[in-house]
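Going down the list, the protein sequences come from chains A and B. Everything in the first sequence is counted per our numbering, starting at 1 for the first residue and increasing by one. Everything in the second sequence is counted per our numbering, starting at 1001 for the first residue and increasing by one.
All the given hints hold, so there is nothing to weed out.
Residues from chain B that keep clear of chain A, each with C-beta distances beyond 12 Å, as calculated: (1) Gly-1041; (2) Asp-1042; (3) Ala-1125; (4) Asp-1211; (5) Asp-1215; (6) Gly-1255; (7) Leu-1298; (8) Glu-1378; (9) Ala-1413; (10) Thr-1416.
Below, a sample of chain A positions facing chain B; criterion: calculated Cβ distance under 8 Å: (11) Ala-86; (12) Ala-122; (13) Arg-123; (14) Phe-124; (15) Pro-146; (16) Gly-148.
Just so you know, the hints here were simulated from the structure itself, not pulled from any lab data. Just so it is clear, the structure is predicted and the values come from calculations on it, not from any experiment. All C-beta atoms in this analysis are idealised placements derived from N, C-alpha and C, irrespective of residue type, glycine included.
Residues per chain, in single letters:
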Amino acid sequence: MSLRQKLLLLFSLTVAAAVAAVAWTVLVRIRRVFEQRDQEETALFVSQFQREFQHRSAEVAAAVDRLAAGEGARAMALELVQTGDASPYLTAAQTMAQDAQLDFLEIVGPDGNVVSSAQWPARFGYPEPAVFNAANQPFLKREQLPDGSTALGLFAVRSIRGTDPPVKLIGGARLDQSFLADLPVAPGMQIGLYSDPQTAVNADLATGATSSAAAAYDPTRLVGVDGNLPGAAHYQRLIETALKSGAQTNGIVDPTARREDSLNATATPLKNQSGDAMAVLIVALSRAGMVEAQQHIRAIAYGVAAGGILLAIAFSLWIAARFSRPIEQLARAAEEVAGGNWDVRVRPRGRDEVSVLARSFNHMTARLADQRERLIQSERVAAWRELARRLAHELKNPLFPLQLTVENLVRARELPQEEFDEVFRESTSTLNAEIANLKKIVGRFSDFSKMPKPELERIEASDVIWRVALLHCPWLVRGVKDSGEGYVGPAPIGCSVELSLEPMPLNADPELLHRALSNLVLNAIDAMPNGGTLTLSARPIGDKVELRVADTGEGLTPEECERLFTPYYTTKQHGTGLGLAIVQSVVADHAGTISVESHAGGGAAFIIMLPKAGA
Amino acid sequence: MFRRCAISFFLVPAFLVLAEGGAWARTRPHYGGTLRMEIAGDGIASPDATVLHLLLDGLTRFGADGALHPALAMNWKSEDSGHRWEFSLRPGVQFHNGVPLTADRVVASLNLACNGDCPWTTVHAVGQSVVFVGDSPMPNLPWLLAEKQFLIRLTDAGEDKVPACCVGTGPFQIGAQSNPELFQLTANEGYWGGRPFVDKIQVATGKSIRDQWLDLSLGRADVVEVPAEDLRQAQQQRLTIVAAPAAELLALEIGETGALANPMLRSSIAEAVDRSALFNVIFQKQGEITASLLPQELTGFSFLFTTDRDLDKAHELRGGLACPPLTLNYDGNGAMQLAAQRISLNLREAGFDVQAVALKAPQHGDLTLRLLPLHGSEPAAAMEILLRAGGEQAPVEDGSPAALYRSERDYLARNTLVPLLDLPRAYAIGSRVRDFALLADGTPDLASASLEDAP
Chain A
1 MSLRQKLLLL
11 FSLTVAAAVA
21 AVAWTVLVRI
31 RRVFEQRDQE
41 ETALFVSQFQ
51 REFQHRSAEV
61 AAAVDRLAAG
71 EGARAMALEL
81 VQTGDASPYL
91 TAAQTMAQDA
101 QLDFLEIVGP
111 DGNVVSSAQW
121 PARFGYPEPA
131 VFNAANQPFL
141 KREQLPDGST
151 ALGLFAVRSI
161 RGTDPPVKLI
171 GGARLDQSFL
181 ADLPVAPGMQ
191 IGLYSDPQTA
201 VNADLATGAT
211 SSAAAAYDPT
221 RLVGVDGNLP
231 GAAHYQRLIE
241 TALKSGAQTN
251 GIVDPTARRE
261 DSLNATATPL
271 KNQSGDAMAV
281 LIVALSRAGM
291 VEAQQHIRAI
301 AYGVAAGGIL
311 LAIAFSLWIA
321 ARFSRPIEQL
331 ARAAEEVAGG
341 NWDVRVRPRG
351 RDEVSVLARS
361 FNHMTARLAD
371 QRERLIQSER
381 VAAWRELARR
391 LAHELKNPLF
401 PLQLTVENLV
411 RARELPQEEF
421 DEVFRESTST
431 LNAEIANLKK
441 IVGRFSDFSK
451 MPKPELERIE
461 ASDVIWRVAL
471 LHCPWLVRGV
481 KDSGEGYVGP
491 APIGCSVELS
501 LEPMPLNADP
511 ELLHRALSNL
521 VLNAIDAMPN
531 GGTLTLSARP
541 IGDKVELRVA
551 DTGEGLTPEE
561 CERLFTPYYT
571 TKQHGTGLGL
581 AIVQSVVADH
591 AGTISVESHA
601 GGGAAFIIML
611 PKAGA
Chain B
1001 MFRRCAISFF
1011 LVPAFLVLAE
1021 GGAWARTRPH
1031 YGGTLRMEIA
1041 GDGIASPDAT
1051 VLHLLLDGLT
1061 RFGADGALHP
1071 ALAMNWKSED
1081 SGHRWEFSLR
1091 PGVQFHNGVP
1101 LTADRVVASL
1111 NLACNGDCPW
1121 TTVHAVGQSV
1131 VFVGDSPMPN
1141 LPWLLAEKQF
1151 LIRLTDAGED
1161 KVPACCVGTG
1171 PFQIGAQSNP
1181 ELFQLTANEG
1191 YWGGRPFVDK
1201 IQVATGKSIR
1211 DQWLDLSLGR
1221 ADVVEVPAED
1231 LRQAQQQRLT
1241 IVAAPAAELL
1251 ALEIGETGAL
1261 ANPMLRSSIA
1271 EAVDRSALFN
1281 VIFQKQGEIT
1291 ASLLPQELTG
1301 FSFLFTTDRD
1311 LDKAHELRGG
1321 LACPPLTLNY
1331 DGNGAMQLAA
1341 QRISLNLREA
1351 GFDVQAVALK
1361 APQHGDLTLR
1371 LLPLHGSEPA
1381 AAMEILLRAG
1391 GEQAPVEDGS
1401 PAALYRSERD
1411 YLARNTLVPL
1421 LDLPRAYAIG
1431 SRVRDFALLA
1441 DGTPDLASAS
1451 LEDAP
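Just chain A, same shape as in the assembly (with noise of 0.2 Å):
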């Protein structure tokens, strides 16, 4: 990845992660906000609910405070407590309750037993314990009706003046869905009353005390204005936990999967005089219209943020190619100087860091030209220096026996002329082996000067190892890894070679690869006067073919390996130095690498790295 990639990428990471930060921060935030209002809107409602139930409250006991207070009602309180008869009263609660608009009402005896009751007239003569421990206050209590079914009732219990004992009233307005439907309800509101199946009422008819048996949440008992709530279902969780704390709950209920249908319902517990909750007041607010709002501020959010982003990467790659483009001519440049050319150089604009750069690179090539070229002129001078001295040295040794030769010639000439044949015989002798001593010289620096181009085809490695093995050690065979011992040269040498069965084609020429691996062998026996092992061997490493030459001779110093590869450098007494510069010049010319191995006294080896030829 380029820099002006990395460059782009990060600022536009940077930028993104910034906006996608901020967008949600103001969502985060908005949503809240609506939410709270939402909640305080859906409080304000509750708290009118609750308002609106205290005043119902206030009605049933102003309407029972009347009907004890009425004459009719203490003249039927003093006929009873003084007769004792109670059947002229038995229809008496429903005409009161009808005068007064009670739900229910039932007139309560001194003893504690029912006179009369409107909603279930069959019921005098049972005892009505609520009438005992009755506050002043209004309560919540759960009736039994005839055809065995419950009602819940806002209640209050007042006693008729005039008479001790007292006889008493308790008279109550029925929770349900009139109630319901009497309550101010906002547009987008809905409001229903859960009655709990499990404060339903197994009266002891005979003592009047009642005991409550578990149930499940039963969607059809939680009834709105228009019959049951619509997704009474959903409101399971809410209603439950409200009637397990006994306190009021909030949350959100969702009766569809729409977000726009989702409704911040509030239930509150309804307690009876006992504190337990026997009915929960549900008040659900539409969240309808803050979704909407929600939405499409986050739509105007996901679109200033998306706008923000391709802005960003806009000015990113602006800036990206602002800040990468002197840095990437520095890199090219870099390149062309790491390619040879020192010639190169990169225009500074303006004067920050990379404008200094850039100048410094400038000089820095300028300097570095300048020194090749003080290089190249000195180690020309060098060469040519080492050239003469070591030509110099080569030929000063034929040289020395010709002049010997030649002094012995003109001395000779005084000798008779048999014993002057022989002499000129001999000398003429001796001159022409060095004569051919020096040609071979001059040859060999020749062909130094002149290695020829290679011509490159496709070979296998295995095959190049082998030719090479066959001719220093004929008595191998071919396939066989250690096919036997014989002598190369004055002492026992073995030979090994060593091949991979994996294919190591290779674009070289066969020849010239054949004469440097040759040189390397000569090189290693001449390494083992004493004796030792030759192992040749190669194998493919990646997409290169490794051609292993070893030795088990008394290998090389350090420093030997550092000047090894140093034209006319040599450890021999009789070589010119050319033989692994020759080598080396053969494998560069095949886009290859060579190298040396060695441990004093381990032996060396030298390895040759051959670029695998393709399919």
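Following the hints, position chain B against chain A.
Just chain B, lined up with the frame of chain A:
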């Protein structure tokens, strides 16, 4: 002093003469006028069948004293130990449309009335006599024939505009202006028992008790109903009440199917019912608490059946047996509804789950609260009538009180019918009505009534 005595001597005889004349004027019935009656029922199909009794006659009828009297049959005799009865028809009787009453028409009417539950096996005409033949003895047949079910009507009224149900031989005939809400009855001039005193009777049906009483107080009605539970209130309002003391038996019928096939559960239910609450409060202490089928004054052994509630025994009899929810059917509203609800409450205390349900036509369900007729002064006949009304078809043999007691005791021991209260039937009459009386079954004898202001 002498002067004063002389004046008194002349005035006192004059006053006595005038007073005697006035009393004579009050006691002698006048013919004419229209008597207006209001009832809650429909007058035809309702159990009391007030209108039907004015239009139709039976072969026999009950008198005000409960004794059996001849009606369309002048006399009757039984043969073959009550297996065969022959009733001789009154001669010269005609239906309202002038069709003569014959034995064949009586047989046709009786056959029409039978739905397979008649006491006889066959009925046929023999001259001017109607002969009943039964596979089993029919000891109480004359009394049974006085029942509403066996009133004689003309079955082939033809194209007469009068409904077929209502062409009979009774003291009144139905007028052309009649409709189901207001029956217009006119006096049958050729009634075999003598022309009724009033010319017309208007019977308004389907009126609530409150409306009836209001119309009576405003002078818009002459005879209105007074249910037993309202008798006390009517007396407090100083209405003129005419009542038959024990005309109906309030009883709880217990089915013998399902869980109630268990006699212990039926006994438990019978023990759990609180009669005193029904009597003291719901029926406002009217009538009598009873645990027997017939009233004490009729049999003399009613007191032997205990009326007390025993809730502990009810629990004991139930023995923790699980009983499915039961339905208590009742007919009517007002006190009957209240009584049914109260009995449901009583039974809940005993561990039964009972729901009171109003039915227009009471069926034989789990439990049924019924009003059964108490007709006649003959105990065996009254009992058979009562049991037949309750669905029991077996004849009750006339015998000694001890035998009758054993028969009733054995029947009640099954606990399929639990007697609760003997209830009166009463009417309130306006000031212009005279000689208004009730027959023994509580049916108004309007043929004998007259109006004070009749011309």
